[in-house]
Structure formats: C-alpha cells, structure tokens
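The task is simple: from the sequences and hints, build the whole structure.
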Amino acid sequence: MAERDVRFIHEAEVLANDAVAPGHLRMRVRAEEMARHARAGQFCMVQTARGLAPFLRRPMCFERILPDGFQLLYKIEGEGTRLLAEMTPGTRLSIQGPLGNGFDAGPDVARRIIVAGGIGVAPFPALADAILAACGEPPEVVLAARTRDMLLCADLFGALGCRVHLATDDGSAGERAYAAQMLERLEPGPDTRVYACGPIIMMKTTADVALAAGAECHVSLEAHMACGDGACLGCVVEAREEREGERMVRVCVDGPVFDARIIDWEARDHAHDL
Amino acid sequence: MKNPVTVASGTFGYGGEYDRYFDVARLGAVTTKSLSLKPRPGNRPPRLVETPAGMLNAIGLQNVGIDAYLRDKAPFLREKRVPIIGNIYGATPDEYAELARRLEAEDAADAIEANLSCPNVHDAQRATGPVLVSQSCEAIGAYTRAIRAATRLPLFVKLTPNVMNIQEPALAAEEAGADGVCLINTLLGMAIDAETRRPKLSNIVGGLSGPAIRPVAVKMVWDAARALRIPIIGTGGIACAADAIEFLLAGATAVSVGSMSFRQPDAAVQVVEGIEAYLRRHGIGAVTELIGAMQV
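Here the protein sequences line up with chains A and B, keeping their order. Residues in the first sequence are numbered consecutively from 1, following my numbering. Residues in the second sequence are numbered consecutively from 1, following my numbering.
One or more of the hints may lead you astray.
Below, in silico cross-link-like pairs of lysine-lysine (DSS-like), each with a Cα-Cα straight-line distance of 25 Å or less [said to hold, decoys possible]:
no. : chain 1 : residue 1 : chain 2 : residue 2
1   : A       : K75       : B       : K200
2   : A       : K204      : A       : K75
3   : A       : K204      : B       : K200
4   : B       : K80       : B       : K2
Just so you know, the hints here were simulated from the structure itself, not pulled from any lab data.
Structural data, given as structure tokens:
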C-alpha cells in the first residue's frame, strides 16, 4: 500500500546506518519537519517493513536531534531491528512522531546527572544537547554497561564537555561498579535532578539512591507498543497510586519520561523485563 | 453512515486519539472502546505481543467508564458530527441494558455494539468450559433481549469466532432482536518465551488480531451471511481497501478497520478512499451492489 503524507507521519530517508558496537547500530535519517518539532526524550514509531510482517512499528527515542533530522541508536533484538539494520543509505522509511512527553531540561536545578545503562543511553545525547542549550553547562554523565564494548556514546558526551564516569559490570573499562553505586559516589543532593534509563533493576536502584539523597529522579521507560499514541493501551506500566482514577500509566503518552516516584517498581520487578 | 467503514472497538480509543492524523468525520462511524459502568483498570502488563502479521493483546477492557465517556469523550465525537457506535461491556445483562439506556438517554451514541466476546476478562487458568458470553446461544439470547428492551437504537452484537459454527450464535442474536452482528472479535491465542518459559502476556492468553486472521474472518462472514437476514459488520485484519471489499463480497454490509490503525493511523480513511476508487474503476454506482456479490 502506498504510504501517504499524513500529519505526524513522514517519509524519512536513511543517510547513514553503521555499527557502533557488536549488535548495536546508529542510524541517521533525514526528516526535517519532524526534527523541527522534536524534543529530547520524545520518540518516534519506525516502520521496519513495507509488507505486513513485522506488523507493528518500533518505538525508538531520538538519540540526537539534528537540523535536518535525527539519529537513532538501537540494538538488534528481533526481526524489526534486524530489518532496520539492513537498511542502506537512500532507503526511505515511514516514521511517525514526535511522540511522548520528553525530558525537562530546564535550569531550575543546580546540578544535572545522567545515569545510563547499556542501550539505555539512547535518549541521552539529545538530552545533553538540550541541557547545554538551556542551562549553559553540560550535565554529568554516568555511563554503565556490562562490558567495555557496550559503553556507547562516551565520545559524544566528551565532545559536549560532560564529565563522564564510566563503569562496567566486569571491570573491563572504568570502575567495576553498577550505575547506582557510581551515582552514590557523585553525592547527589536536593538541588540535583537525575535522569536514568536502562534495565528496570538499574533504574530502580538508581532512583533509590537519588530519592534517598533528596534529588529528583526522572526515568525514561521502554515498552512494547502497538500505536505509540495512547489508543491501544498496550504499553501501560503500574503506578504506585491512582491518578484521576487510573492505576495504569501509558508509556507512550503519559511518558516515556516519568518521575521515578510514581512508578510501582515492585510491580515492574514482577513484570517481564523487556 | 455515509460510507461503510468504521473502526474496530479498542483500536481507536475514543476517537480523539486519532484527531491529529486525520478528520475522523470522514469515517462512516467511529466505534468507541468498550465502555463499562465503572472505570476498569484492565490487566497487568505485559499486555501486547507481536505475532506474524498480527498481534496478541490482553488489555482487559481498560476504559474510563460510562460517566467519564459521557462527560469527556462523547462531546468531541458529537462536535465532529460523526456517527457513534457505542461499544459496551458489562458483567450481566442488566449492566449492558443500563449502559445502552444511558448512551441513548444522553444522545452519546447512534448505535449500540454489545461486546459479548472479549477474551481478556476471565481468569484463563481457571476457565474450563465456555468463558465468553457469545460462546453460548442461550446467553446471547438473554443478553441481547435485555439490551433490546432497553434501547431503540440500532443494536449490533459482536461475536467471538471461537465457536464450532458461527451461524448458531449469529442466529441467536438475530432471533433475540439484534439489528446486526459484528464479526469477528479476536481469536484466542497465546505465546510463550522459549528462553524464560514464561507466557508473553501476563494474562497468559490473549486475542489475536491483524492481517493474520483475515481469511478466518472472511470465511465466518460468508458463513453467517448465508444464514442471516440482518446485516453484518465484517472485521478482522483489514489493511487496505481490497481487504475491505473481500468482506463486502463475502456478505458484510459494512466493515471495521482494526489493528491496522495502530500501524498506520489513517488506515481507515485510506480504506474509505480506496473503496471509492474501486467503485469508480469498476463503474459501480453504489457500494451496496458489492454485498454478497462474490462470483463462484
């Protein structure tokens, strides 16, 4: 079926699509109109197949928002991302967005610390750009991963002037430590906003450290989605308390960025990690 | 309806969710998410699994409830002047009747669609026999009669395909006073993660939708059309106008576009335009000429 130009749905062009680590790629696409409206922390729904399988679009955050488009950083997880990885420059693909709420990059706190786990780093180069623009100084960054190979984007943060603290589970680069332990050493305080994205257990422990220190903690969640825009109710996570009669929050339109205090992390432990 | 295309309940929210993609007034009607008397939180996540050319869902009828629908959602659709098919779900015939009565009294629907076939609101581990209302002809009769007595609005009954012979429940709905049936709701299905050995849905079982189920749905519409006098809304895996025309040729009077709206938010309006183009191309004056017009 011919794709048409609909509001919020764009035919983008792949400009580059290169491996950055084993099983991880960075795609640069041209999509001027979407880039003009996109904010750090928002995402788009990428159609990976012209045919009907895979059926659904894939939600992907903006790694970096550029004047003529954006970068996506992704890990090959299944059929959709495998097809994405095969795309060569010049390929056209249908992208829907920008979607979701995005990060608060404002200068209303004194200190900003990004805590990234593995591929969870994906939304943070755009956030670092936004913080630098809004606050005049770059955020601090904790970059944690299982091994050295999976420490992604360190060069991007370095180029922005961020102080980058590396940690690996196996000690192959930086400290042999978990993300939350690294954050603890940075002594966040009540004037700090922590931004976290990564595996559920990493976000939960990071939020525990941040909140115990009186800091804010904003987490960017991931979920399987069908529509990406609030209709299907497939991407919900459980909140700690009801808000306006709703116990569930939708990752797509209520998030993907949430105040860590509203998420029921115990329920997330029981849910399947994605 | 100015055209025979609506959207399947649960795939289009309450209409407003799609407003920024296209003008929903271009549809023949908007079918709402299933409405219950009280708000429902739905099932715990995960609720969604992609499958070959389709998806399994176990949302569990999360909805805002009839009060919030009347207050917050219906005014948008009324302002759009698009016909509303109010889809309702209750635990008893009385609840369905009450929902239909309120939608009519508040002028918040132009037709009622009774969801007697949601697969995701029962405890899958405890269920042994029939678990869906529309798996029992007696139950269909009782529920349909209760709703029929409560409203003068056109009444459609949405049926499950998880039956031996679709003609039986369809006839049960017709005999109990339904003005039409909607075929089909999702097929029961499940998926298991081979590595973790855990079900991929928290509800274990879910409903299969998307292009993968279309041939099953077309066959069921064809079967039902040969037995019924009342019209059929055909639904199940429609991705484009040719798919919708298949349903019309099999005997449906109207169609609803379901999961495809998730992938392509304006899929339903593309189907509207595609049917118009088909009629022009074939020199057909009225879409009704296609109903049941399969040539064997």
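Results of checking the hints against the structure:
Annotation: proposed proximity of K75/A to K200/B holds, straight-line Cα distance about 20 Å (limit 25 Å). Restraint check for K204/A and K75/A: satisfied, since their Cα atoms lie roughly 22 Å apart, inside the 25 Å limit. For the hint linking K204/A to K200/B, the alpha-carbon distance of about 22 Å falls within 25 Å, and the restraint holds. At most 25 Å may separate the alpha-carbon atoms for a hinted pair to count; K80/B and K2/B meet this at roughly 14 Å.
When each numbered hint is compared with the structure, no violation occurs for any of them.
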